[in-house]
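K.L.:
Residue-level listing of the chains:
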Amino acid sequence: EAGVTQSPTHLIKTRGQQVTLRCSPISGHTSVYWYQQALGLGLQFLLWYDEGEERNRGNFPPRFSGRQFPNYSSELNVNALELEDSALYLCASSSLGSAGWNTGELFFGEGSRLTVL
Amino acid sequence: KQEVTQIPAALSVPEGENLVLNCSFTDSAIYNLQWFRQDPGKGLTSLLLIQSSQREQTSGRLNASLDKSSGRSTLYIAASQPGDSATYLCAVRHSKLTFGKGITLSVRP
Numbered sequence: 306e307a308g309v310t311q312s313p314t315h316l317i318k319t320r321g322q323q324v325t326l327r328c329s330p331i332s333g334h335t336s337v338y339w340y341q342q343a344l345g346l347g348l349q350f351l352l353w354y355d356e357g358e359e360r361n362r363g364n365f366p367p368r369f370s371g372r373q374f375p376n377y378s379s380e381l382n383v384n385a386l387e388l389e390d391s392a393l394y395l396c397a398s399s400s401l402g403s404a405g406w407n408t409g410e411l412f413f414g415e416g417s418r419l420t421v422l
Numbered sequence: 019k020q021e022v023t024q025i026p027a028a029l030s031v032p033e034g035e036n037l038v039l040n041c042s043f044t045d046s047a048i049y050n051l052q053w054f055r056q057d058p059g060k061g062l063t064s065l066l067l068i069q070s071s072q073r074e075q076t077s078g079r080l081n082a083s084l085d086k087s088s089g090r091s092t093l094y095i096a097a098s099q100p101g102d103s104a105t106y107l108c109a110v111r112h113s114k115l116t117f118g119k120g121i122t123l124s125v126r127p
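From first to last, the protein sequence lines are chains Y and D.
Take the position in the first sequence, starting the count at 1, then add 305; the result is the number in the working numbering.
Take the position in the second sequence, starting the count at 1, then add 18; the result is the number in the working numbering.
In short, the hints are calculated from the structure, not lab data.
Since this is a predicted model, take the numbers as computed values, not measurements.
Where a beta carbon is used, it is the ideal one built from N, C-alpha and C, also for glycine.
Take the hints with a grain of salt, since some may be wrong.
Stated by the list, open to error - Rough simulated footprint, nothing fancy, chain Y against chain D, three-plus residues with beta-carbon under 8 Å:
{"#": "1", "segment": "49-56"}
{"#": "2", "segment": "59-68"}
{"#": "3", "segment": "110-117"}
Said to hold, decoys possible - Pairs of lysine to aspartate or glutamate, EDC-like flavour, derived with a Cα cap of 20 Å:
{"#": "4", "chain 1": "D", "residue 1": "119", "chain 2": "D", "residue 2": "102"}
{"#": "5", "chain 1": "D", "residue 1": "114", "chain 2": "D", "residue 2": "45"}
{"#": "6", "chain 1": "D", "residue 1": "114", "chain 2": "D", "residue 2": "57"}
{"#": "7", "chain 1": "D", "residue 1": "86", "chain 2": "Y", "residue 2": "355"}
{"#": "8", "chain 1": "D", "residue 1": "119", "chain 2": "Y", "residue 2": "390"}
{"#": "9", "chain 1": "D", "residue 1": "119", "chain 2": "D", "residue 2": "35"}
{"#": "10", "chain 1": "Y", "residue 1": "318", "chain 2": "Y", "residue 2": "410"}
{"#": "11", "chain 1": "D", "residue 1": "60", "chain 2": "Y", "residue 2": "358"}
{"#": "12", "chain 1": "D", "residue 1": "60", "chain 2": "D", "residue 2": "102"}
{"#": "13", "chain 1": "D", "residue 1": "114", "chain 2": "Y", "residue 2": "359"}
{"#": "14", "chain 1": "D", "residue 1": "19", "chain 2": "D", "residue 2": "45"}
{"#": "15", "chain 1": "D", "residue 1": "114", "chain 2": "Y", "residue 2": "410"}
{"#": "16", "chain 1": "D", "residue 1": "119", "chain 2": "D", "residue 2": "57"}
{"#": "17", "chain 1": "D", "residue 1": "86", "chain 2": "D", "residue 2": "57"}
{"#": "18", "chain 1": "Y", "residue 1": "318", "chain 2": "Y", "residue 2": "390"}
{"#": "19", "chain 1": "D", "residue 1": "86", "chain 2": "D", "residue 2": "74"}
{"#": "20", "chain 1": "D", "residue 1": "119", "chain 2": "D", "residue 2": "33"}
{"#": "21", "chain 1": "Y", "residue 1": "318", "chain 2": "Y", "residue 2": "380"}
{"#": "22", "chain 1": "D", "residue 1": "60", "chain 2": "Y", "residue 2": "415"}
{"#": "23", "chain 1": "D", "residue 1": "119", "chain 2": "Y", "residue 2": "415"}
{"#": "24", "chain 1": "D", "residue 1": "114", "chain 2": "Y", "residue 2": "355"}
{"#": "25", "chain 1": "D", "residue 1": "114", "chain 2": "Y", "residue 2": "358"}
{"#": "26", "chain 1": "D", "residue 1": "86", "chain 2": "D", "residue 2": "35"}
{"#": "27", "chain 1": "Y", "residue 1": "318", "chain 2": "Y", "residue 2": "387"}
{"#": "28", "chain 1": "D", "residue 1": "119", "chain 2": "Y", "residue 2": "389"}
{"#": "29", "chain 1": "D", "residue 1": "114", "chain 2": "Y", "residue 2": "356"}
{"#": "30", "chain 1": "D", "residue 1": "60", "chain 2": "Y", "residue 2": "410"}
{"#": "31", "chain 1": "D", "residue 1": "114", "chain 2": "Y", "residue 2": "380"}
Chain Y with its partners taken away, still in its complex shape (with noise of 0.2 Å):
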């Protein structure tokens, strides 16, 4: 079974551009998160879609969004994009879960890589 799948691996744009990363989830799987992993920093929660809802949203600018399509893959879009706004980006999915809402297992994949110039 195919894992958590995030498109691209690594890429480069420069300051005021804009991206968008994709990730496509587990099969079965409702849920996505995303996560921004700077360097020497923790995993910061962006966002978190289900059933193609945004459920929450973590502190960060507007200019961060993003959408859960109905195959429940998602994007990330970041827009005037930053030096800061270099990281690593991971997707993540889970199922509803045995013990009911929010408690499934979370899977993540490999993530995006994005440098800004």
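Fit chain D to the given chain Y structure using the hints.
P.N.:
Relative to chain Y, chain D alone:
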């Protein structure tokens, strides 16, 4: 606001040692706690998931425990090997998933 702490930030041990990695959290109202492993530049690999109603989970040489009332979890690694060298992160699930900053483990041959 939920805060997750992992101390120390780095740990170096000789091969064969049994070791314990600690994770503490401030709000005990959690759904579950998950331990991950991350190799440099890679994504996170799930190691163990403990639901809030459970006390521990085991997988091979790994055992994780959860004490919600005291806001603590431990990851026990038996007979450590150089291949165990990685960063180990714990994460608690409440309205979202909050991560600790991880413990970078180095197992010396």
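K.L.:
Output the numbers, in ascending order, of every earlier hint that fails for this structure.
P.N.:
Hints 6, 7, 9, 10, 11, 17, 20 and 26 not satisfied by this model.
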